[in-house]
Each structure stands twice: as structure tokens, then as C-alpha cells.
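The lines below spell out each chain.
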Amino acid sequence: MNGSADGEAPGTGPVGPPGPAVIERGLRMLAGAVRVPTGTSPKDVVWTRNKTTLYRYRPVAPRAHATPVLLVYALINKPYILDLRPENSFVGHLLREGYDVFLLDWGTPGWEDRHTTLDELVGEHLPKAVQRMRRAGAGDEYTLFGYCMGGTMALMHAAVRPEGLRNLVVLTTPVDFSQAGVLSVWTDPRHLDAELVARALGNVPGSLIDLGNKMLRPVTNVVGAQATMWERLLSGRDMTSWLAMNQWVNDGVPFAGAAFAQWIRHFYQENRLVRGEISIGGVPVDLSRISAPLLAIGGTRDHIVPPAMIRPLLDLVSSADRQYLELPAGHVGLLAGTGARESLWPRVTAWLGERSDETPPQSRKV
Amino acid sequence: MSAGPPPPEDPLRGMREAYEQVFQGWSKAMERVVAGDEFAAASGELLKRYVEMHESLRTASIGAAESLHLPTADDLARLAELVINVERKIDEVSDEAHAIAARLAAIETTLATLARRLERPTGPAKPPPAKRDAARRRGTSAAGG
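Chains as they are written, first to last, in the working numbering: chain A, 1 to 366; chain B, 1001 to 1145.
Here chain A stands alone, though its shape is the one from the complex (with noise of 0.2 angstroms):
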């Protein structure tokens, strides 16, 4: 669990005209002295190597598919957007679809993991990961599930090993980084030398990469959400959905110095990726070698991965069953917002319901 409740109730319902009590109250947020749990889904931990943990959520109702789903989020942030609040929570879907979900946490690099490489993260700990879910007894067969980075890290496993790959699922997830939009022009090589800052900083702080996604849009993201919280605050709104996100998004952890500088360099200057120039632990990443279902969802209103990075993975992959998704959302509201419950998620279930084993009905407990 993220975050603690103060013992003070987010929404304290219609307010009034503001007064000095709101207006402190409302400094207090803005100040993240206000804080609510987040991530409760209670989850036991499965396995863990150096700061990677896997975990595996409790069910809450029948296990209705005997297909797991792995979940595989970046290494900016914290995964619990994935499971934010109780009444917004992906996890928390697809458990009550039935699913049994696990999921991989990279965890917070220290000034030790300044080293850590993708090759290490993606070669080593996610197939160790997948190992330990089917010694945990999840079966020979999954579904990967990533997000943003995670998508394109669940992406070169599924290139570098393919078997027990059933089904894989990236949601906004660059591929083709020649269409990063402004974050092509910001990390040009005549402006960011990834190299330099790695070696100075060892891992770079998640406050800087937060800065550089609020600097993509910067009179929304900073003032719009100030302005937002106050709109909300000033009519007596529950604050606890935007309470949520503010801690989230201001909950940034290190990127890994070895891990930035590869993700820099090779996919966003160079655009190995889709050039087959990666390679993981020695083995060239051939997305050609990826024949599972596969659905790639995107965003509209995603400025952080435009749907111009996620299309072309369409023709690389050669999964005979292949969809692109795009709704009208941005890159973290599409997953997290307040219509993510009636958009997204549904598809996601409905897509993976016709592609996933179904429990054998003696198995379905809860």
C-alpha cells in the first residue's frame, strides 16, 4: 500500500463560499500533506531478485480462466496506477473477471542499481519472473500485459522468448521513436547527452523525468491540475480520485543511470527498436518473432506516446491475430480515468476472454 490516510476525509461535501479552513485545506493538498491509500488490492509476494518483486493479487471472486495475466509496468513511476483506488482499479477488474493477475515491480533503484541495464531487467529478472508464476502453479501458458515502457520491455521478452506466450497486451507503448513527437526534438543528441547525465547523476530522479512529462504541457499539467483540484475543492467534491493521481504522479521513482542512458540512446535517438539493432543478453530482439495474439492500445490525446509510436507495431509482429485500439483518453487517464471502467477495461477483458483458457469448472474457487 501507497500512501496513508491523515485521518482527515478527502471529500467534506458542498463547502460553500471559500473559506480560510478551505483555503488551508486546499494549500494542504497542493503542499501532498493530504494523502490516501492507494494500491490496497491485498497481493502476496511470489518472488523477488535485487529491487524486482512479483507479486500475485488474492482472487475476489471464481477463477474463471486458467490463463494468468502478467502485468509488466515501466521503470518511471510506481505500478500502483494499475490498482490507484479501490473504485478505480485495473487489477481489481480483471480480478473480479476472474483472472488470476500477477504483477512485475522493478521497485526503487539505489545508487547500487546505477549499473542496471535493460538487458539485465528484460534478459534476467522478467523470465525469472515467468518462471516463478508457473512454479507458483499459474500453468505453462500466460498473458503479458504492459504499459508505456513496460509495453516495449514486454515486447522484446516476447521477441526474445516466445514460448508459453499466449496472449500479449501493450497499452500505450512506443515502438517506432521516430514519432515521439516533442520528446524526439528534447532528447536530440545535440540537446541531451543521456551518457553524461547518467554518469553524474548515477540514477537520474524521478522528479526530473516528472518535470520533463509536465514540461510536454505545461499550463495543463501544472496549472491545469492546480486548477482542477481547486474547481473540485470549491464545490465540494469528493477529492479523493484526484488526490490519488496527484500522489501518483508526484510519486516518481529513479530511473536506473545505465538503464536511462540505453533507453535514451538506443531507442529514442537511434530507433533500434524497430530497426532489429536490440539485443537482449546477446539475442538480437526480432519482433517478427512474436506470433501471439496480440492487442496494442492507444491514446488520442497522448502526448507522451503518440498512436503514431504504437502503430507500426502492427507490421512488425507476425501474430496472424493482431488489433490496434485507440480511444479518446490520454496516456494515464486512459488506463486510470474516470472512464477508463466503461472504455478500456472492458475491451481489454472481452478481447482476452475470447483468447484465454477457461477454468476447468471443479478448479473455480475463490
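A partial selection of chain A residues facing chain B, derived with a Cβ cut-off under 7 angstroms:
#, residue
1, 49
2, 50
3, 111
4, 186
5, 191
6, 192
7, 197
8, 200
9, 215
10, 219
Reference listing, derived: stretches of chain B covered by chain A, where coverage requires no fewer than 3 residues with Cβ under 8 angstroms from a Cβ of chain A:
#, region
11, 1022-1033
12, 1084-1094
Calculated directly from the structure, the hints in this document are not laboratory data.
C-beta atoms are modelled at their ideal positions from N, C-alpha and C, and glycine is treated no differently.
Following the hints, put chain B in place on chain A, whose structure we already have.
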């Protein structure tokens, strides 16, 4: 009947209205600015200066710590790396143990199958192949003696 005093004026209403009026324009203008090469060059230079300053400070603090015989972050990180390597080895040993357990389980299953076959009542035992071949050469039946 008196309607009571009118509700007090919302002092933030004006700010909200002003914000809504200028928000779109400011937002678009700022997005154009940050998308430009000039902004990228300026922010890249700023970042470069920052990391160079950071590196200088770190080098100086390492020198100071070493002169005072204090452990540096690098020293502690080396210790942590040793722990991480031990953890990795334990993980590998766990994998090996699991593989050995799986092999043992397979052997146990095979042995159990063989034991069941041995316990099963059968007819007279056949002679070993060598004895049978010798009997065939002599034109007699080994089994018949």
C-alpha cells in the same frame, strides 16, 4: 418573510473566469514554445550545466569523505552489490534445488511404477537371452530343461 442576507461573493470566481478565458491561449502558446528546437537547446544546456555542477560537487564530497576516512556512497554501494550478488546466488541455488526436487519426483514416480510391476503376479520367468540362445543352438528348450 425576509430572504436573509445574500450569499457572500465567491472571491475566487473572478480568478476562475480569468483562468478559463486565458487558459486555452496560454496552453497552446506554451506548447508551441516547448516544442521548438530553441527550447530544447536551452533546456539541454541547462541540464548539462546542472549535471556538471552535480558531478563537481560529488567529486569534491568524495575527496572530503576519503580524507576523513569516511565511507562514501560508492563504498556503501559496493557493499550493497555484494549483498545483491549473494541474493542472486541464493536464487540460483533455489532454482537448482527446485530442479533437483523435480528430477527426484520423476525418479520416485518411475521407481513406484517399477515396484508396482514387480509386485504384479506373473507367469514363469523367461530365461535370460544368453541362456535361451545357447539352448536354441543345442536344439533344446531351456525353459523345458
